[in-house]
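Each chain, written out:
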Amino acid sequence: MKDMRMESRVDSTVNKIEARKVQVYYGATHAIKDVDVDIADRAVTAFIGPSGCGKSTFLRCLNRMNDTIAICRVEGQILLEGEDIYDRRVDPVQLRAKVGMVFQKPNPFPKSIYDNVAYGPRIHGLTRNKAELDQIVEDCLRKAALWNEVKDRLSAPGTGLSGGQQQRLCIARAIATQPEVLLMDEPCSALDPIATAQVEELIDELRHQFSVVIVTHSMQQAARVSQHTAFFHLGHLVEFGETGQIFTNPKDPRTESYITGRIG
Amino acid sequence: MSVAMLLAVIGVLALTGFVLSRQRALASAGGNSRALHSLPNYYGWNGAIWVLVPALAGLSLWLIVQPMVVESRISADLPAALVADDSARALTMADVRRVAGGLDQAVAQGAMSEAKAREMSTGAVDVRAVLANVGVALGSNVSPEVLSAAQDYRAMTAWGAAARTILILVLAVAGLFWGVSRAQQDYRARIAVERVVLGILALASSIAVFTTFGIIWSMASETYDFFTKYPIQDFFFSLTWSPNFRGNSDLGMIPLLWGTLYISAVSLLVAVPIGLFTAIYLAEYASKPVRNWVKPLIEIIAGIPTVVFGIFALVTVGPALRDWFAEPLGLGNSGSSVMTAGIVIGILNVPFISSLSDDIINAVPQSLRDGSYGLGATKSETVRQVILPAALRGIVGAVLMAASRAIGETMIVVMGAGAAAQLSLNPFDALTTMTVKIVGQLTGDTDFASPETLVAFALGMTLFVITLGLNVFALYIVWKYKEQYE
Ligand SMILES: Nc1ncnc2c1ncn2[C@@H]1O[C@H](COP(=O)(O)OP(=O)(O)OP(=O)(O)O)[C@@H](O)[C@H]1O
Ligand SMILES: [Mg+2]
Chain A
74 MKDMRMESRV
84 DSTVNKIEAR
94 KVQVYYGATH
104 AIKDVDVDIA
114 DRAVTAFIGP
124 SGCGKSTFLR
134 CLNRMNDTIA
144 ICRVEGQILL
154 EGEDIYDRRV
164 DPVQLRAKVG
174 MVFQKPNPFP
184 KSIYDNVAYG
194 PRIHGLTRNK
204 AELDQIVEDC
214 LRKAALWNEV
224 KDRLSAPGTG
234 LSGGQQQRLC
244 IARAIATQPE
254 VLLMDEPCSA
264 LDPIATAQVE
274 ELIDELRHQF
284 SVVIVTHSMQ
294 QAARVSQHTA
304 FFHLGHLVEF
314 GETGQIFTNP
324 KDPRTESYIT
334 GRIG
Chain B
19 MSVAMLLAVI
29 GVLALTGFVL
39 SRQRALASAG
49 GNSRALHSLP
59 NYYGWNGAIW
69 VLVPALAGLS
79 LWLIVQPMVV
89 ESRISADLPA
99 ALVADDSARA
109 LTMADVRRVA
119 GGLDQAVAQG
129 AMSEAKAREM
139 STGAVDVRAV
149 LANVGVALGS
159 NVSPEVLSAA
169 QDYRAMTAWG
179 AAARTILILV
189 LAVAGLFWGV
199 SRAQQDYRAR
209 IAVERVVLGI
219 LALASSIAVF
229 TTFGIIWSMA
239 SETYDFFTKY
249 PIQDFFFSLT
259 WSPNFRGNSD
269 LGMIPLLWGT
279 LYISAVSLLV
289 AVPIGLFTAI
299 YLAEYASKPV
309 RNWVKPLIEI
319 IAGIPTVVFG
329 IFALVTVGPA
339 LRDWFAEPLG
349 LGNSGSSVMT
359 AGIVIGILNV
369 PFISSLSDDI
379 INAVPQSLRD
389 GSYGLGATKS
399 ETVRQVILPA
409 ALRGIVGAVL
419 MAASRAIGET
429 MIVVMGAGAA
439 AQLSLNPFDA
449 LTTMTVKIVG
459 QLTGDTDFAS
469 PETLVAFALG
479 MTLFVITLGL
489 NVFALYIVWK
499 YKEQYE
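Going line by line, the protein sequences match chains A and B. Mapping to our numbering: the first sequence position 22 is 95, numbers consecutive. Mapping to our numbering: the second sequence position 437 is 455, numbers consecutive.
Chain A on its own, in the form it takes in the complex:
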């Protein structure tokens, strides 16, 4: 874990998202208990923890994707730039345009590669003409390190790509909407080491424009790409702090056992 980036200074202290006393219930199951987290602007925050501890659940609270699950109930306060996103006046559709999401399993639409990336810009009317849209599609595919592989077959179906290519397509699709926050749920779990490195590079680049939240099962990945790390265990936020500190000097014994591989 002697990675250069791990030592890099955290260059931002402005909070993009502040979560306070968040509780999530699935019916009678209490999945998230009393979680307080600050997501810094223009930085990468990693969520780590054993399977089933509630990382995805909490991530989905941040753009109200949990609204699509009938039995799910969220309590507490989540502020995006000081505004409560669970306020009744907030439109979840607009919120999700600001807080984009990349899912654990690649889920390209059954449309062409071009249409997949253009989906967000089209529904949000981000472009005025075809040339601008072409430009956005190209930029986003380049950022997602996919352009060279697909530039000759933009009209081929997105579902015809390999798993790793599909995931990068989904990333391109998410950043094409120009969100302010990008939530990524294990974005590399379907990728080979080379594609993983490319996505990590992309995340590092994205951090200059967005704030990024990434769920990962790889300690190395968390250490490489993130500035802040949150460790979840059984629905509790056990420890939250700067990535360097969490990995070199954890305060809670549970964190230490997890990162050294004793629980999980």
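Derived from the structure by calculation, the hints contain no laboratory data. Certain hints may be false.
[What the hints assert, rightly or not] Partner residues aside, some chain A positions facing chain B, computed with beta carbon under 7 Å:
hint	residue
1	Val163
2	Val166
3	Arg169
4	Ala170
5	Thr200
C-beta atoms are modelled at their ideal positions from N, C-alpha and C, and glycine is treated no differently.
With chain A's structure known, arrange chain B with the ligands on it following the hints.
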């Protein structure tokens, strides 16, 4: 021995085969079932199968072939005048069978001795009166030729029954011995039984295929017959349909085809939007309790007999359309109309489209919805741009199925659109369809040699080709869509 008796004997022999084979296999392994290649019951089944399959196959073959042989031999002996053509032959043979059956009955009731039934002649006995006494009424006096043919018929049938019994018993017993002799420790009974199961399943599925071919074949031959009696170009291109049972009819199918397509199109215009919107509402918008109530209620429609829909068309929809639309708009004063039938058939098809599409929309992976919502799309954007394209294939299938049903619908058309074959664009005019005319031409006094009756087969064949074309078109769409999205 009667067939029922024979079946009972075969059943007993099969049971014997089961028990003996099982015991013999077990004995060959010294009573240790684990030393056998297959489970003991497989040896039993194998033994039973060896009795059942040859005996039953032989029996059914015999039952099919014997009447054919007997009839052809009898009719060959009859004087040429009585079997001049197909219909005369059929009439004479029906008489022969009836007299033979009457004689059987007379013997069974003791009104006549077996010997007398065999020997008697029309000169000595009034056969008609004798048979009337035992409850078999004949339309005319029995001619000597028919009586002797009936006596021959009885003799041959009796001989056939005896030969059948002997042959089948021999087959069953031989099967029993063969099956039991194979029940040895390392005989692979399990695999043999598996093969028979495969054979039975394949036979079952081939029955459907053969039936289809049989239907096509009989339709095609009658259709060919029709075209030898009526010019083919008049059938396909003449614009008038006016059958006339004294001959000289105009049998142009264009007005009927027009009626069929017009009414089907109206019905699809009703059924597709309502059905599809219902499905989208149920699958994407409705809460669980609403869905649990509404879905079964809609599906009740599918269980209503079409004749009830016909009544609804006749007494409710037809008059309402006439009074509120047709008359005020000056479009006629007919209660039976294209609109009436089209709308009611459309309603009939709503549950078809909605419940099929609902299942298909539900089968679209949740991850696609999540992906779209995660990009800030609204529900209707997600439905239009992601879910419907992903479900398109199944929806096209559902729509084409509804189209086939609309094209084939008869009862509602009779009651809702009338029976007037005409070419009219006015949706409030009475029109009729091919199916209605098929029924019309085949009911009442029919003469299977006249084009007026045979035209029903040509119409049926045309309908079949249209639905086939529809299915091919559906496959083409599916294939194209597949190419685009997979
Ligand atoms: N849709 C749901 N309905 C009911 N319970 C759920 C649902 N989704 C998650 N849960 C429960 O919530 C808890 C947290 O699940 P979550 O998916 O957030 O875990 P996770 O940390 O993302 O795990 P993993 O690393 O395996 O993805 C689990 O106990 C899970 O069973
Ligand atoms: Mg998860």
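Tested hints:
1. Val163: Val163/A check fails; min Cβ-Cβ to chain B is 13 Å, beyond 7 Å.
2. Val166: 5 Å, holds
3. Arg169: Holds: closest Cβ of chain B sits about 4 Å from Arg169/A, inside 7 Å.
4. Ala170: With a minimum Cβ separation of about 3 Å from chain B (threshold 7 Å), the hint on Ala170/A holds.
5. Thr200: With Cβ-Cβ at 15 Å, over 7 Å, it is violated.
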